[in-house]
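Engineer: Here are the chains, one letter per residue:
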Amino acid sequence: MNQVQFKQKHLLGLAELSKEEIELILSTAVPMKQIFTRSVKKVPVLRGKTVVNLFYEPSTRTRTSFEIAAKRLSADVINVTPSTSSISKGESLVDTAKTLEAMNSDIIVVRHKASGAPHFLARRASSPIINGGDGFHEHPSQALLDLFTIKEKKGDIKDLKIAIVGDILHSRVSRSDIIGIHKLGGEVRVVGPPTLIPKDIEKLGCSVYHRLEDALEGIDVIYCLRIQTERQTHKLFPSVTEYTRLYAINEARLKLAKKDAIVMHPGPMNRGIELSADVAYSDRSTITEQVTNGIAIRMAIFFLLLGGGRSVQEITD
Amino acid sequence: MSRKLLIKGGIVVCPAQNIEEKLDILVEGERIIGLKKDIRDKEAKTLDVKGKLVTPGWIDMHCHLREPGREDIGTIESGSKSAAAGGYTSIACMPNTDPVVDNQMGIEYILSRAKAVGFIHLLPIGALTKGLNGEELTEISTLVEAGAVALSDDENSIMDSYLMRRALEYMTMFDIPIIAHCEDRNLSEEGCVNEGLVSTMMGFRGIPSIAEEIMVSRDIILTEFTQSRLHMAHVSTKASVELIRKAKAEGVRVTSEVTPHHFTLTDTDILESNYNTHFKVSPPLRSKEDQHAVIEGLKDGTIDTIATDHNPWLDMEKDVEFIHAPFGIISIETALPLIFTRLITPKHLTLMEAIAKVTCNPAGILNLSKGTLSKGSVADITVIDPHMELSITQDFFHSISKNSPFIGQTMKGFAVYTLVEGEIVFDRHENTFYKRH
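Chains A and B, in that order, give the protein sequences. With positions in the first sequence counted from 1, the corresponding number in the numbering used here is that position plus 255. With positions in the second sequence counted from 1, the corresponding number in the numbering used here is that position plus 85.
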């Protein structure tokens, strides 16, 4: 059934994946999601395997999502959250990797504030590495669950128009989403003040807008990014109030997009800043579905990296 | 009786004298006493260099030894060996050691260690400000008298325009230049790689080319205003080259250098390296367009010299996440093959032009009576086999640190003999260093 073999050893970013590999992950997540509706939400695929969640940055939803995904596949999960004070230098990353190696972990999910840290581990560890978000670089599992959600809502991603709004500069989610949507044939518009748009981003296959109103015309999907209020120290925009005035998605602005446009957010959201509360909780918002889909996608990732080439039907039937 | 050495059968390339022909060189003691065809001398020991190129000893205006302070990374001895193996007979070392070379004692220490080590000439660069603090000028006349060949705060680019103006003005009464690392540190702060598609794709804050160009502009304006002179270190961007070209045309006394890695590599190589920290260097590797511009700058003379910015770091220090890794590449042992294969072979520079960039040009900027094979001059000589091929492995390097982005490649063109004051200090065939007597 699935003609494409998943040949990647690690999941480091969407930049490393082909269109076919992305589609394989998305299609593998479909039967995974069906497991959720069963009374016993667990399959014995990864019994005896050990998943290590190595999170150098605080995260509740991503870490929990990986944990639930692993447990639904019957793996054992270890959460390692080194105290942030002792890990500001990389030497301990090498040491931690070696330690985990010695404990025979089967797969390591790593989140790190240094871009490229998962690649650094991948060069040293013998077990597969999943990038759980690195610096401003990539957050592949988030982008894959976003793509999955868009497909569920809109069918094919090809020719869809998607606006990503906000702090593109500091967003690993936006980079992975842009790459993924572009590979699947969708059109991406990034929207934000010039100071929050990284240089040459259009070369990744997107167009750049500064006026939200211009960008929303004909849009199928509005993707809001979290604004990191502490970044204001970098003098990138005058204030959160001004940001909200220019870029918050509210009822009035939503009307500028297509009638059936959906609104997405990777969470956690600053309610009333990126999104008005009425939009966030409306039926146009996919925020909670993204969370559910995140588990299915992460199950698919674990399965493809650790499942030993078994077909997905074999385990879900 | 002084010992004699006859260097026989090679092609002499001496841009200072505009010579490129098959000549023999007769050395007596530490000086060249003959340079002509078919010299015969029964008393002389003969060094057969048939088929090799014989050039004045190479001069590197910009390198980092780690002594004093970080002898675990690199010493004056290991740095001297690296340089000799790279074909260099004189190297100017930056003062950002620990302690900083900002007084007479620091200069004297380097000179005396170089003498004790006994391989090549070390040309100490003194700090421009005390402790490289960017606030207070060093005792400049003392540094000059002690033997400083230039003054620089190197990577601690002088942000205070007032101080830079006064420093340039004050320096007009001495014969040595200031070397400026042009970087507006407010613009480059926290950056890791060149700002552009690569920084965006890798998820790094970028170091914009304007961080360099603004300071190049400022320093040109200050140099002209003060009627002083200034040497600009490791120029890396297209607009910098254009600014210097224009300044030179208008008679401003600025000179400049480029490193081998900036004419060889681009930021795309970092992307392809998959976060290999050996590609992390300051200024950062720039775009293809910038790379092309620095080569054009070398061709038309806007860029006077090739300097290595040899900068050792331990594996332990480089083997970390990219953002935490220090900036720097060891480059003194691979400069020669890169100059041959990247500049001479593709005919960007003639052999004569390229050799000028590492001999008489840096000698001129630093006011040294070096960089020539003329009769009577000190016999600092580099003998090159332009066809020799070697694989660049960790073991290839004589440096204590091995932080080179070129490990794994094969390179062509190497120094086979390096002679200082008439004595062989490095012999590639034996892979042996010899202390001078």
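Take the hints with a grain of salt, since some may be wrong.
Said to hold, decoys possible - Here are the simulated DSS-like cross-link-like pairs (lysine-lysine), alpha carbons at most 25 Å apart as the crow flies: (1) 458/A - 373/B; (2) 353/A - 487/B; (3) 373/B - 454/A; (4) 416/A - 454/A; (5) 487/B - 454/A.
No wet-lab data here; the hints were simulated from the structure.
Engineer: Against each hint, give a clear statement of whether it holds in the structure.
Structural biologist: To see whether the hints hold, each was checked on the structure:
no., hint, verdict
1, 458/A - 373/B, "holds (16 Å)"
2, 353/A - 487/B, "holds (23 Å)"
3, 373/B - 454/A, "holds (16 Å)"
4, 416/A - 454/A, "holds (22 Å)"
5, 487/B - 454/A, "violated (33 Å)"
Violated hint: 5 only; the structure is consistent with all others.
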